[in-house]
Amino acid sequence: MAERTLVVDHMRLMYEGLFDVEELYAMIQEWFREKGYDKREDKNYETVTPTGKYVELVLEPWKKITDYAKFVVKIRMVMEDVKKVDIEREGLKVTVNQGKVSMIFDAWFETDYENRWESKPEFFFIRTMFDRFIFVPYTERFKARLLEDVNQLYGNIKGFLNLYRYESEAVSGPPTPTQFPKF
Amino acid sequence: MRLEKLPVSRIRYAGIVDFDGLYRMMHQWFLDRSYYLEEQSWKYKIPTPLGKHMEIEWDAWKKVTEYALYRIHVYFYLMDVKEIEVVRDGKKEKRLKLKMNLEISSQVEMEYQNRVTTPLQKVLDDVLYKTLLRRDMDIFWTDHLWYIVFKLHTEIKKFLGMETTADPYRAVW
Chain P
1 MAERTLVVDH MRLMYEGLFD VEELYAMIQE WFREKGYDKR EDKNYETVTP TGKYVELVLE
61 PWKKITDYAK FVVKIRMVME DVKKVDIERE GLKVTVNQGK VSMIFDAWFE TDYENRWESK
121 PEFFFIRTMF DRFIFVPYTE RFKARLLEDV NQLYGNIKGF LNLYRYESEA VSGPPTPTQF
181 PKF
Chain Y
1 MRLEKLPVSR IRYAGIVDFD GLYRMMHQWF LDRSYYLEEQ SWKYKIPTPL GKHMEIEWDA
61 WKKVTEYALY RIHVYFYLMD VKEIEVVRDG KKEKRLKLKM NLEISSQVEM EYQNRVTTPL
121 QKVLDDVLYK TLLRRDMDIF WTDHLWYIVF KLHTEIKKFL GMETTADPYR AVW
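In order, the protein sequence lines correspond to chains P and Y.
Following my numbering, the residues of the first sequence are numbered contiguously, the last one being 183.
Following my numbering, the residues of the second sequence are numbered contiguously, the last one being 173.
Calculated from the structure, these hints are not laboratory results.
A couple of the hints might just be wrong.
Stated by the list, open to error - Here are the in silico distance ranges between beta carbons for each label pair:
id : chain 1 : residue 1 : chain 2 : residue 2 : range
1  : P       : E22       : Y       : W173      : 17 to 25 Å
2  : P       : I126      : Y       : T131      : 20 to 28 Å
3  : P       : I126      : Y       : L132      : 23 to 31 Å
4  : P       : Y138      : Y       : L50       : 49 to 57 Å
5  : Y       : L132      : P       : E56       : 41 to 49 Å
6  : Y       : W173      : P       : E56       : 22 to 30 Å
7  : P       : L92       : Y       : T65       : 46 to 54 Å
8  : Y       : M25       : P       : T95       : 25 to 33 Å
9  : Y       : W173      : P       : M1        : 26 to 34 Å
10 : Y       : Y77       : P       : T66       : 37 to 45 Å
11 : Y       : K97       : P       : M14       : 43 to 51 Å
12 : P       : L92       : Y       : Y44       : 46 to 54 Å
13 : P       : D81       : Y       : K94       : 25 to 33 Å
Computed from a predicted model, the values in this text were never measured in an experiment.
In this text, a Cβ means the ideal position worked out from N, Cα and C, and glycines have one as well.
Excised from the complex, chain P in its bound form (with noise of 0.2 Å):
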């Protein structure tokens, strides 16, 4: 079984207002194909409630440093009461959605994920002793890079959606709250 280290624990990001969900999914998979991660989507539950849609994601993309370790992020999404609405941008009416959006990250660095390094005790000792002595510099670096990865992803999203915020005034619809998002 792979060595996890837990990087990123329960970071959340809270919102509440006008935001577009495919842009916001498109935005996310796009950063995650740029940063060389692969895909990895592994619940994806979407229904119709009186109040609006309720969607559910569960992404898990990872990507592999070395053939030793690798990065993953999870990334839990839940949006509820998601409504079509219709915004004012730069003079054209523009259909967005309306909603609140939660979302929950996770990363981990993972070691020995092909676990070679486990088959015997011998072999077991030695992977525990260079990752306790020897891998650490290496270790603590690619934690730092995965930590970054994250926090620039949490900032991509928290920019992308209080650009929504901002820019747009909803015409028609359910009335925007007055609260401020929670971040």
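Add chain Y to chain P, keeping to what the hints say.
What follows is chain Y alone, placed relative to chain P:
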């Protein structure tokens, strides 16, 4: 035979679905890509007051080389299925209102013809699998099959009219 199993991807949808259309679309998707498709099971359970329950299992496979084969397994679990009529463009059409859980699992099978029998052949097969074809398997076959499955995943989401249909990875493979 050696297997490289890939993670399962799931789609859960609750709402009104043109299930016939979805079934035909997925069937055609496999045929267009030269997969052999077998419907392994079709289960229909006695209807309850909430609706019918159905389970369908598909197995699709395709030979890549004499040594490697792609296998995709699709499992439909349909709950609370009710037939309804909807009016679309002035025409009445039959649809199903249901809760659907769709799981797509896949694997790369190596040495699927089971031609290795003698001890010498087993040693040579080990060398082939662990060293010579390792790179092909990691970089080419498993990765290729993984993204093929995601193309099917995206087509299903588009058909169901789900919100998350964007696919920046469509140009990968």
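I want to verify a distance hint. Is the separation of the beta carbons of Y138 (chain P) and L50 (chain Y) within 49 to 57 Å? For Y138 (chain P) and L50 (chain Y) the Cβ distance comes to about 56 Å; the hint holds.
Does 25 to 33 Å hold as the CB distance between D81 (chain P) and K94 (chain Y), or does it fail? 30 Å, holds
Is 23 to 31 Å respected by the C-beta to C-beta distance linking I126 (chain P) and L132 (chain Y)? Holds, since I126 (chain P) and L132 (chain Y) (Cβ atoms, about 26 Å apart) stay within the stated range.
With respect to the beta-carbon atoms only, verify the hint that W173 (chain Y) and E56 (chain P) lie 22 to 30 Å apart. 28 Å, holds
Indicate whether the distance between the beta carbons of I126 (chain P) and T131 (chain Y) respects the range 20 to 28 Å. 21 Å, holds
Is it true that the C-beta distance of L132 (chain Y) to E56 (chain P) lies inside 41 to 49 Å, as the hint says? Holds - the Cβ-Cβ distance for L132 (chain Y) and E56 (chain P), about 43 Å, lies within 41 to 49 Å.
Could you see if the CB distance from W173 (chain Y) to M1 (chain P) stays within 26 to 34 Å? Holds: the Cβ-Cβ distance is about 30 Å, inside 26 to 34 Å.
Can you let me know if the beta-carbon spacing of L92 (chain P) and Y44 (chain Y) is within 46 to 54 Å? 50 Å, holds
So does L92 (chain P) sit 46 to 54 Å from T65 (chain Y), Cβ to Cβ? Taking Cβ atoms as reference, L92 (chain P) and T65 (chain Y) lie about 53 Å apart, which means the hint holds.
Is 25 to 33 Å a correct range for the gap between the Cβ atoms of M25 (chain Y) and T95 (chain P)? Because 26 Å falls inside the window, the suggested range holds.
Could one say that the CB atoms of Y77 (chain Y) and T66 (chain P) fall in the range 37 to 45 Å? Once the Cβ atoms are compared, 39 Å apart, the range 37 to 45 Å for T66 (chain P) and Y77 (chain Y) holds.
W173 (chain Y) and E22 (chain P) - C-beta distance against the hinted 17 to 25 Å: 23 Å, holds
Checked against the numbered hints given earlier, this structure breaks only hint 11.
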